[in-house]
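Just need the whole structure built from these sequences, with the hints factored in.
Residue numbers (this note's numbering), protein chains in the order written: chain A, 389 to 698; chain B, 43 to 609; chain C, 461 to 804.
No wet-lab data here; the hints were simulated from the structure.
Heads up, the beta-carbon is just placed ideally off N, CA and C, and yes, glycines get one too.
Careful: at least some of the hints might be erroneous.
What the hints assert, rightly or not - Pulled a few chain A residues facing chain B out of the computed Cβ check, cut under 7 Å: (1) D546; (2) V549; (3) G654; (4) N657; (5) T661.
For reference, the chains in residue letters:
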Amino acid sequence: MVGVSRSVDDLLTPPLTLRQLMWLRFRRHKMALFGVAMLILLVIYSFGGAFFFSEAYANTTNTKMRLQPPMAGHPFGTDTVGRDILARTIYGGQISLIIGLTAALVETIIGVLVGALAGYYGGLLDSVLMRVTEAMLSVPQLFLLIVMAKFFGGQIPDLTVMGRTFSGSVIVIISIIGVTSWMYLARIVRAEFLSLKENEFVLAARAIGTPRWQIIFQHILPNSIAPIIVSATLGVAGAIGTEAYISFLGMGVRPPTATWGNMLDGAYNYIETAPWLWIFPGMLIVLTVLSINFVGDGLRDALDPRSRAT
Amino acid sequence: MKRTWLYTLLAAMIVSALLLTACGGPQPPATQAPAEEPVEEPAEEPAAESAARKVATFIWTQEFDTLNPYYTNMWFSAITQQLWNAWAWDYDDQNAPHPVLVAEMPSEDNGGISPDGSVITMKLRDDIVWSDGTPITSEDFKFTYEMVVDPNNAVASTYPLDLLVSLETPDERTVVMTFEEPFASWQATLWHGLMPAHIMRPVFEAEGTIDGAAWNLKPTVGCGPFVLTDWESGSYARFVANENYWLGKPKIDEIFMRFVPDDASQVAALKTGEGDLGTFIAYSDIPTLEAEGVNMITVFSGYNEGWYFYLDPEKGHPALQDARVRQALALGFDRFSLNEDLLLGLTEPAATYWDNTPWVDPSIEPWPYDPERAKALLDEAGWIDTNGDGVRDKDGVELVLTYGTTTREIRQDTQAVAQQQLSEIGVKIELFNYASDIFFSSYGEGGPAATGANDMFEYSTVPNFPDGDTSEWLCREIPSDESPDGINWPAYCDEELDALFQLQVTQVDFEERQQTFYQITRKIFEEALWVGLWQDPDIFAIGPRLKNVKLSGATPFFNIQEWDLTE
Amino acid sequence: MTRYVIRRLLQAIPLLLFISMVLFVLMRNIGDPLATMGGRRVTRSSDRERLTRQLGLDKPLYVQYFYWLIGNDWTKMDLDGDGVAETPGRMRGVLRGDFGTSLVNRGKPVLEVIWERLPNTLLLMITSEVVVILCALVVGVYSALRQYSLTDQIVTTISFFGYSLPIFFIALLSIYIFAVNFKRWGLPYLPAVGMFDPQVGKTPSQVILHMVLPVFSLSFIYLAAYSRYIRSTMLEVLSQDYIRTAKSKGLPRRTIIFLHALKNAALPIVTVVGLDLPFLLAGAVVTERIFAWPGMGRLFLDHVSRADTPVVMGILMLISIAVIVFQLITDIMYAWLDPRIRYD
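In structure tokens, the structure reads:
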């Protein structure tokens, strides 16, 4: 609102490109800007913090120093085996953010593929894919997650990436979150494809013999990118929250690899005696999810052509 | 006008919810069991002394699956058996047997045990009755035996009644049991509960099985100091004093068991005094409870937490085949600080699988914490860090061990500490956690511990406490494709050890049997086939109102009729 | 319409079969019901061998599924392990309304196990839903009418907060504040766990008191999503021509908002509520666990942890059926409310 819309009225300025228009719309959404700033801070916190604390330190146990409240050496206190909670929220943040991003990626890939194939080809393929989608939608996600987390739990060994060892259960969690959350996106993409595939530009492309995958991925997909981006953004928030849920129920990432979620596992028993165990990771989860949701909302306003903003 | 539909819909939903709740819930308990409601209910109510009624509340973190003693393995159900059912004899706080249904303990002196130990004769008391007044006779024992071994009944365990050749009842007060071989551990295993023939037999005759008998879930006829009146799924179970109990009417009028799903709610209830007794308390909660005046009583029921190694000569990790490596693992992990800090000094490191029983060679002391000696042993065994990656290796094999256990908090914490300390002696540990129903699955089901998916496992188990017998170390119990249910999960077979185990179970003479066990415990300890982490006692929290409480390891509530409640 | 309903119901059958098949396979592979059977020690090998046979767990998976689906009373089972099948089966199968018996509460019919808990869950869920809808209507309509006002901004921010809070966090926080700290400060505090105080008994006032915190936690989270939704639907409706017409006709503001706008905005709201209702049962899982509410969510967790396939399958199938039925009801209601929609 501040000083931006004035210039739009000015006939002398050249017309804005779509990208500029989006940025203008996004900028108007103050919450979204706050979200972006917050996210940047959170990324700096979890990845920059690694320069101050080593991963070994985050996993160092000291049973003499267990359940210490926040104090000089341990600003966030210590956990049940005397590990520093501040360092663990830093390394946990890395894993939680990675889980959020990759799970949302898995979700988006599956959702787009299923939606695109169903929408473009229609017919039998469409029926089969949509029945599967419906079936998955008929069972609440949390129930599916619990069952699948148990099914795959403990089957994947640890992996070492770039000199760091990650618990194999990270992969399990990413996959099961991705696999149980793509259904809404698939429906959106399918609807977009259904309406776009009869457009002239698609018919024209088909007439000149453009390969099908090219029509799907280069012609139709870019035109339905807006809802996909919004959905993927919100998916990141959803995945971080979901990881916290299954960790809270004790089926998340295996220790000693920390995530914000599995730091909450068992914290329930310390609700009264050691609230710092759950308050810090809990607040970080809330902040992250909140910021991403703000950004997603801003993106929706900015990308939605029907949006009344600006 | 049209918007009224929304309100109509909402109103309909609320009404239907309330109706549903009304159906399932708040009726008085009496109307819920039309079938076999005992007569003592009216006897309780009109006494209009509700103000003076002594109600003790127990806080249970797990709800029993079933109450029929032969259908459950659950500890939370088993410990209620002294409340409403009865073992033929139970154990006092010194773990000495004392007769309940029998007049005296069978022994060689009173002719209860035949000289070769294969025939046991029980003489029943004359005054024992079910809570509905029906006398308990040898017929109930015979019926219980027949039901347990009948293939139509999916009982939890047939052991040891399946070892019987015959069970005879020459008269109403005598039960004669004949075993194929002398059976040394009869005292700890026989007659953990009784089923009422007069109630269950008609069910069995009508349905061909007692799996679905109402008595299993609602045994309103029992033979303990208390009797169940109602059990509401997910909320509570209520037991009232049994007027007909032969060892004296209990001082408390009612025991109310409340089910809460987790430790925090349990601790909260105990602190506020809403609960008078809780059990399976997390170690971390003990200081706060004690600060509120709750007494903590620890009793040993034979459980010891420890490390098992997967020792299969082909599939196991080559390092673990060497006793020196196993000893080094024991020496390299500071189990004393672990007990002091994580377990708050309430426990001691366990030395053997049989700690707190008379079966352990008294000369055994737990392995000390001595990382230098651990390193020396590893060097001696040839495990040296040749490539400088901080992890010892030998013949191209790195000393990386996978360590699996359940998801219990104290176990995960132990894993984290062990991982760090063992890395200091050059052993790298990778951690695995499994839900307990997966962790303890059989070989046939692909259970990680049974198939040796990891190199070492942590869990806690028990012999036939207070007896020392166990089949866990027998060669024939090694699981394989042919015998997928075997429970020798370390897959360790040693002929000498196997022979000792086979021998002790037939040794009726206590001293001789003890000597055999001394050999067994020394061997398992010295070769570090099992490394004890802590003695795993049962912890009971007793609120300040409860008096005269004594607890036993094997049968915790053995004197519950003597407990009292004061303000 | 009737034909449409019949067609939808017919379509649901293969869907449910597919769901049940996948879930059954998953369930039978996520744990061993005989591992410890809830005890602290491993089941003896001879008992395990016998129970596997008696409970039919030794059969190939597809046979177990068929027995679950169509029962086994038409065939004979070998219970004593002599290799001769002589005892007739006792299951009638899901298709004949028999969901089997629980493995945990051995011999207890699954429907009975679930039925004991279902009303408690419904009580909690429907109360929360009513609270949510009523509050969301007030908040949503208000902020739509005053779009971009300070109140709208605040409401939007708070609702985003609620939307982003994991339910366990708000539940923990509310216990910490209203149960633990209020008590510590000597204020009137709320009970944190259970459905009623055993000393008082299951009276309506006790149940209501114990419902306050769980309903608050659940409502707070759903309120955010619903009020946002109502706000945007209202905004859309308010910009329609007929509202402008009504305004220009000089109709009272109150009439316009409540009679015209809200009525039309109600349509999409009904959809959301209808589709969400069965999922509320799932939302109960964490809430019931934290507040020790004796409902179906806790039942699910307890029985999953012991791999009790019959009960877990029963719960999942009932929810799936509820989802499908509610979808259908929503569609029918949609058509009934909006005469422009025709399904035939």
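Verification of the hints:
1. D546: 5 Å, holds
2. V549: Where the cut-off is 7 Å and the nearest Cβ of chain B is about 15 Å from A:V549, the hint is violated.
3. G654: 5 Å, holds
4. N657: Cβ of A:N657 sits 5 Å from chain B, so the hint holds.
5. T661: Because about 6 Å separates A:T661 from the closest Cβ in chain B, which is inside the 7 Å limit, the hint holds.
When the structure is compared with the earlier hints, a violation turns up for hint 2 alone.
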